[in-house]
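The primary structure of each chain is shown beneath.
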Amino acid sequence: MRLTVDGQSFDIDADPEMPLLWALRDLIGKTGPKFGCGIAACGACTVHVDGQPVRSCSLPVGQATGAITTIEGIGAPGKLHPVQQAWLEEQVAQCGYCQAGQIMSAVALLDEVADPTDADIDNAMGGNLCRCGTYPKIRAAIKKAAALKTAGL
Amino acid sequence: MASVGKIARRTFLIGAAAIAGGVAVGYYYYRKPFANPLEGDLAAGEATFNPYVKIGADNTITIVAPRAEMGQGISTTLAVMVAEELDVGLDQVKVEHGPASYAYYNAAILEEGGPFAFFDESRTAEAVRAGLGVVGKFLALQGTGGSASTRDGFNKMRQAGAAARQMLIAAAAQKLGIDAADLETANGSILHKASGKSLTYGEVAANAAAMPPPAEVRLKDKADWKLLGKPQKRIDMLAKVTGAPIFGIDVRLPDMLYGTVKMSPRFWSRPVGADLAKAEKMPGVIKIVPLETNYGHGFGIIAENTWAAFKAAEAIETQWAEPEYPPDSAAIAGVLKQALGAEGSAMRDNGDVAKAFADAPREKIIEADYAVPYLAHATMEPMNATARLKDGVLDIWCGNQAPTLVRQLCANVLGMEQDRVTVHTTFMGGGFGRRVEMDYALCAALMAKAAEGRPVKVTWTREEDMRHDAYRPAAVGKFRARLGDDGLPVAVDMTIASPSVIAGTLRRLFPSISPLGPDKTIVDGAYDQPYTIPNYRVSAIAAPVTIPVGSWRSVGSSINGFFHEGFLDEIAVAGKTDPVELRKTLMAAYPAAVAVVEKVAAMAKWSEALPAGKAKGMAFSLSFGSWVGEIVQVADTPAGIRIEKVWIAADVGTALDPGIIEAQLISAAIYGLSAAMGQEITFADGMVEQSNFHDFDAMRIFQCPAFEVAILENFHKMGGVGEIGTPPAAPALANAIFALTGKRIRTLPLSKAVAFA
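Chains as they are written, first to last, in the numbering used here: chain A, 114 to 266; chain Y, 123 to 879.
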C-alpha cells in the first residue's frame, strides 16, 4: 500500500482496516498526530487528507486515498506556518498533547474562512478537546493567525 | 487547631507514607549531602557545578529542571530561577529533566502534610512543617505534586545558579589575574570593564567546577530580578507547536515492539479461566503475558504494532473474579451514607459545637447534605510507557511525576537492584495527579521481561485508561449551621465521609504499610479555611470502599471547595447577608483573604445589578498556600445555562511568572468547571461504566467562558499555582445557578439537575 504523507511517498504493509493514525505513528514514524480516544471524540489525531481535516484514528488506512498532511508537514522551526507562529506568540500550549490536532483543525478553518467569527471558531474547533483548558488562547491565536495570513506573513 | 499531643495520639497518614519511603531509602542520612547525579554522565568538555547546572567548553549551558512538565510550565519557571542568578538569558540555555535521583527530592511537597491550616503560624505548626521538610529529605522523594515545585525550588535553584556564577567569577579572576570584585557577569560571559577583557563561562567552566563551592551564596534582591516576576516565553512552546516527539507515547527505539494491556475491569480481581488462543493467533501478535502488580491483574499483549495489540486485547476472553467492594454506585452510596453516621475525627474543633446546637431554636438551624462522584483524570495522553530489559539493565521511558519511585518499584517488580534501572522522564500529555501512579510503568517493565531484550512501547487504549484510574474519590457531607440574630453563623458543624486517598495510595505503592489514623485529605479545603466562627467543627470519616482513589488536581480541596463554599452560600441566603460581605466578615482576621475577595468582587462589579436572565455566584478557597476568589456569571439561554464569564483573583505570595500563573488559574478553573458541569464515574457489576470522551467529556471551546484574572502578592509566604484555581470553580458555578434559578444543587455533576448550553 502506498501513502503520500507530507509530500513524501511511503510503501507500507498494513491491514487496510488499521486506522490511518497507527499507520502514520507505528509504520511510518510520524508521531506528530496523537492518539487520544480512538473514536473521533477528541481531535488529537487530526490530519488533512486532500486539505480536509479528518480524525485519523477512525479512518481505515485503506480508505486514506489522497495527499495526507500532518503537523510535521505544515511548517518547521525557522519556517513556521502562520498558525504555528500565532500559537507561539500567544503561548497557547500547556501540556501540548492536543495542540497538533488543534493546529491542524485551525489551519483547515483558515483555508476555508480567511477571517473567522467566534461562531466559525466554535464550529470548527468544537471537536478538539483540550484538558488543560487552553481554549481562550486558541481563540486568540486563530484570530492572530488570520491576521498574519492576510498580511502574507 | 491540633496540638502536638493530639497529633502524637492520632498520628497522621502522611507520616505513614514517609515512614514507608524511609524503609526503602533509609540509608540516606538526613544531613549527608546527595552526590551530584550529573557527574557520571558528562559530555566531552562539559563541567557540572551542582545537580542543576552543566556548562560545556563551547559555552553550552544546561539547566536541569527535575520536575515533571505536564503543562504547568514548571520546566520554564525552574530554569528561570537558575538563569536569573547565573546571569544568562533563557534563550541561551538548554533545559533538561535530568535523571532520577534522590538529589532532586522535593521537601515542600510534605511541608503542609501536618494537620495545620496554611495560615497557622504557631510554633507547633512551624515545628511540624520543619520536621516534615526533614522527612522530605529522608524520604528523598523526587516528586511533582502538591503545587510544591516552585516553593521547593525557589531557594535551592536560585542558590545553584548563584553558586555556579560565583565559582565562574573566581576562576576567571584567577585566569585573568584580576580581583574577582572587579568582574561582572552578563549573558553567559564574565567582563572586566576597565580593561575590556572578557571570558565566556565555557572558557573557565572546567576550572570553575573544580573549585570548592562558595561557603556563602548571595542571592539577588527581588528588585534586581531581570527574569523572575516577568512573563517568559515557555521553553517547550516551539516543540509543542511543531509536533515534536516529546511525549512518552512518541518514543521510538531501534527494534521496538508495541503493546497494550487488558487489565481486570474489576479492581484487584484475578482472571478466571482465560482463553488466550484466539488472540494469540491474530496477525501481528507476538506474545501475551500475564500481568500481576500491586495495581491488579490482567494481560499484556506484545505485537508488531499498536493496532494489532489493541485488536488482540479485544479478542481475549476471560471471566474476572467478583469484586471485593460494593459492586455498583447505589451500593457505594449506601456505604458512604452509613459511614457518615459514624463519629468522625475532628480536624478542626473551635468552641463547643455540641452545646451550640443543643439549645438552638429550630428556625435558626439550617441543614444540608452534599455529595460528589468519583472522577477520572482523563489526561489527553493515555497512559503509556516504553521499557527495555537487556543484559540485566532496565531502561524505562515515560512521563511520570515521581522518577525515583518508578525506579524503585520497577526494580522491585523485576527483582532487580535499583542501580540497574534507568528512568527517562519525558514531557507528559497531562498529569493532574494521574502520573503519580506507577501502573503503566510496572506493566511495561513486566512486558519488557518477555520481549527478549527488545524495547516494548505499551500504550493503553482510552477505554483502559478511563476504567483503570486512581479516581478522585466520591464523597458525602452532612452540614448544619446555627445562625445568630444578625444572620451570621454562630456554629457550623461539617462531617465529610470519603474513601481515603492516602490509604489507597499506600496500598498501591507500599502495601506492607497499614494506614494509621485519620486522613486529612478527606477534609482538606474544609477544615483549613480562613474563617472565624465561634463554634466550628470539621470532621473526617474514611469510608471503607477500596476502588482505587488517588490525587486529582487539588485532591481533597476539589471536594471540599464545593461543600464548604456551597454551604456558606446557603448560610448567606438563610441569614440574608450578601455572600461577598458574609465572607469578608468571617475572614476579617486574614487580610490576604479579604483582599482577594474584595479584588474579585470589584473586577466582577459584584454589587451592580444584572439584567434578567443573568446571575453571578462566588466562592473562595485557600489551598496549597494560595488564596483564591472566583466569581462565575451564568446566563439563561434557550439551549440551557451558559457560563459567560469567570473572574479570578489569586494571592500567591510571590508571583514568579505572571503569564504562566494566569494560564494555570484559567486551566484549573476550566478543569473544575468541566467536572462540575458533567463528569462522573459510576459503577455497575464492579466495573466503571464510562469508557471514553463520549460519556466522560470535558468543557469544549464553544462552552468556554471569557476570563479575567488578577494576581496579588500580599501574603508573606509563597503559595502554589497549578491546582489552586480548581476548588472555587464548582461552588462559584453552583452558587451562580442558584442565583439564576433558585435551585440549590448539592450533588455533582450539575448536569443531573440543569442543562448546559
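I should point out that these hints are in silico values taken from the structure, not numbers from a laboratory. Watch out, some of these pointers could steer you wrong.
[To be verified] Taking CB as the label site, the calculated pair distances span:
#, chain 1, residue 1, chain 2, residue 2, range
1, Y, Asn181, A, Val226, 23 to 33 Å
2, A, Gly164, Y, Pro666, 52 to 62 Å
3, A, Ile125, Y, Pro336, 52 to 62 Å
4, A, Ile125, Y, Lys865, 27 to 37 Å
Note that the coordinates shown come from a computational prediction; the quantities given were computed from them, not determined experimentally. All C-beta atoms, glycine included, are put in the ideal place defined by N, C-alpha and C.
Structure-based check of each hint:
no.: 1; hint: Asn181/Y / Val226/A: 23 to 33 Å; in the structure: 47 Å, violated
no.: 2; hint: Gly164/A / Pro666/Y: 52 to 62 Å; in the structure: 57 Å, holds
no.: 3; hint: Ile125/A / Pro336/Y: 52 to 62 Å; in the structure: 59 Å, holds
no.: 4; hint: Ile125/A / Lys865/Y: 27 to 37 Å; in the structure: 56 Å, violated
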